[in-house]
Amino acid sequence: QKEVEQDPGPLSVPEGAIVSLNCTYSNSAFQYFMWYRQYSRKGPELLMYTYSSGNKEDGRFTAQVDKSSKYISLFIRDSQPSDSATYLCAMSAWGDKIIFGKGTRLHILP
Amino acid sequence: DSGVTQTPKHLITATGQRVTLRCSPRSGDLSVYWYQQSLDQGLQFLIQYYNGEERAKGNILERFSAQQFPDLHSELNLSSLELGDSALYFCASSVGGTGASNSPLHFGNGTRLTVT
Numbered sequence: 001q002k003e004v005e006q007d008p009g010p011l012s013v014p015e016g017a018i019v020s021l022n023c024t025y026s027n028s029a030f031q032y033f034m035w036y037r038q039y040s041r042k043g044p045e046l047l048m049y050t051y052s053s054g055n056k057e058d059g060r061f062t063a064q065v066d067k068s069s070k071y072i073s074l075f076i077r078d079s080q081p082s083d084s085a086t087y088l089c090a091m092s093a094w095g096d097k098i099i100f101g102k103g104t105r106l107h108i109l110p
Numbered sequence: 001d002s003g004v005t006q007t008p009k010h011l012i013t014a015t016g017q018r019v020t021l022r023c024s025p026r027s028g029d030l031s032v033y034w035y036q037q038s039l040d041q042g043l044q045f046l047i048q049y050y051n052g053e054e055r056a057k058g059n060i061l062e063r064f065s066a067q068q069f070p071d072l073h074s075e076l077n078l079s080s081l082e083l084g085d086s087a088l089y090f091c092a093s094s095v096g097g098t099g100a101s102n103s104p105l106h107f108g109n110g111t112r113l114t115v116t
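Sequences listed follow chains A and B, in order. In terms of my numbering, the first sequence is numbered consecutively and its last residue is 110. In terms of my numbering, the second sequence is numbered consecutively and its last residue is 116.
Any given hint could be a false lead.
[Claimed, not checked] Think about it this way: if two alpha-carbon atoms lie no more than 27 Å apart in a straight line, the pair counts; the simulated DSS-like pairs of lysine-lysine are:
| id | chain 1 | residue 1 | chain 2 | residue 2 |
| --- | --- | --- | --- | --- |
| 1 | A | K97 | A | K2 |
| 2 | A | K70 | B | K57 |
| 3 | B | K9 | A | K42 |
Note that these hints are calculated values from the structure, not bench results. On a predicted model such as this, the values are computed, not experimentally measured, just so you know.
Generate coordinates for the entire structure from the input sequences, incorporating the hints supplied.
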């Protein structure tokens with residue numbers, strides 16, 4: 001079983017829809033959870049950074065962590081064509097290397 | 001703009017050759033990380049340096065080496081290149097030395113290496 005699993009997509013949704021992106025993981029020691037957005041030919045850009053369980057909101061983005069289920073989500077409200085990108089989840093235990101998911105390709109259709 | 005600078009943007013070279021990739025971290029960041037990204041493997045951690053010292057090692061081949069200089073910039077050296085080394089190589093930086101425990105990573109825009 002891989003440490004971090006993420007559906008590669010592609011995921012296509014109409015503009016204005018709510019997008020849900022998810023990752024599962026197997027290592028119960030993970031405490032730090034991140035979402036990165038990567039546009040084509042660019043480096044990953046940090047979107048959300050959370051510690052332990054719970055929700056965190058930043059504008060149109062909400063990150064959720066459920067440690068009991070080893071499941072994290074990123075929700076994008078009022079999706080825009082500019083949100084079209086690859087979204088990578090990432091996580092780590094304290095003092096350990098960060099493990100990335102392979103990314104989900106998202107297309108927002110105008 | 002993340003503040004992390006990588007050069008060159010593109011490299012095309014032949015099998016068996018050696019190349020050097022360069023990274024300047026964000027101002028104030030002491031850690032530099034190197035990642036390899038390919039379509040089938042995703043982002044794979046290679047190595048981390050913190051304030052000039054090697055801090056963590058990932059899936060880095062023996063043909064690859066890295067160092068961090070006193071001015072905190074870093075270089076990744078890839079030698080005896082093979083076709084399978086073709087990938088995007090990213091550098092990232094952070095303030096602290098303990099990965100996400102201190103602060104998350106900020107990535108450069110990568111170097112695209114093509115080995116022919």
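Query raised in the report: Any of the earlier hints contradicted here, and which numbers?
Result: none
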